[in-house]
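These protein sequences, in sequence, are chains A and B. Under the numbering used here, the first sequence has 13 at position 13, and the numbering climbs by one with no breaks. Under the numbering used here, the second sequence has 97 at position 97, and the numbering climbs by one with no breaks.
One or more hints might be untrue.
Unchecked claim - Restraint ranges, calculated between C-beta atoms of paired labels, are given here:
no., chain 1, residue 1, chain 2, residue 2, range
1, A, Asp54, B, Leu95, 18 to 28 Å
2, A, Pro112, B, Lys65, 40 to 50 Å
3, A, Thr30, B, Pro8, 32 to 42 Å
4, A, Phe9, B, Thr15, 28 to 38 Å
5, A, Phe9, B, Thr20, 33 to 43 Å
6, A, Ser7, B, Ser80, 30 to 40 Å
As the list claims (entries may be wrong) - Only part of the chain B face toward chain A is listed, based on derived beta-carbon distances under 10 Å:
no., residue
7, Val4
8, Ser33
9, Gly42
10, Tyr48
If you're looking for bench data, these hints aren't it; they were derived computationally from the structure. Source: prediction; values computed, not measured. Cβ coordinates follow ideal geometry from the N, Cα and C atoms, glycine included.
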Amino acid sequence: GEDVEQSLFLSVREGDSSVINCTYTDSSSTYLYWYKQEPGAGLQLLTYIFSNMDMKQDQRLTVLLNKKDKHLSLRIADTQTGDSAIYFCAVPFSGGYQKVTFGTGTKLQVIP
Amino acid sequence: EAQVTQNPRYLITVTGKKLTVTCSQNMNHEYMSWYRQDPGLGLRQIYYSMNVEVTDKGDVPEGYKVSRKEKRNFPLILESPSPNQTSLYFCASSLLRGSSTEAFFGQGTRLTVV
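Model the full assembly from the supplied sequences, consistent with the hints where possible.
This is the structure we're talking about:
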């Protein structure tokens, strides 16, 4: 199956950029996803990138995909205290959506 | 409002006492899934269902059962809970086909087995 790795914790100062990294093993995934989990809540889709793209920008969010290295990253510009949450990358197995494998989640702490 | 509803939100039970966590979605999604979330392990898939009467094991199915008798409901059953099933559980639903469809998650059920 899929193996998806993330670092567990990231701390940044308010106003700085945050970069959350994710590595995976299965290269046949069609879409790769980032989800955000706020305290006490379920996961919500934050953004996604199609596997034939290298970069996708959506307001303060930039997703970078390096297929050769199987590396996905999420950059949050001008990080705010409201961005404090756990961020999960999610990779569908073998191109389908059925067996999505989530990373371990990166807890982002924003220091005022 | 489009949503996935799980009940209960919190549950404390004793070892061996059967329990059911309910999950219901109002978006007519074919695909539903159960995950457990544990510190340092992320989300692990327990079971999933691609349609009514179609279910399959995820990565950690041992000790769990599911059923999909109706499209909107996907209950998670623990026949004989054990302390290692203490965890935070999430139900999710989405459209089935592999487009960029969003997975909608419930609010979670925190289960403690003593």
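Going through the hints against the structure:
no.	hint	verdict
1	Asp54/A to Leu95/B: 18 to 28 Å	holds (26 Å)
2	Pro112/A to Lys65/B: 40 to 50 Å	holds (46 Å)
3	Thr30/A to Pro8/B: 32 to 42 Å	holds (36 Å)
4	Phe9/A to Thr15/B: 28 to 38 Å	holds (33 Å)
5	Phe9/A to Thr20/B: 33 to 43 Å	holds (35 Å)
6	Ser7/A to Ser80/B: 30 to 40 Å	holds (37 Å)
7	Val4	holds (8 Å)
8	Ser33	holds (8 Å)
9	Gly42	holds (4 Å)
10	Tyr48	holds (6 Å)
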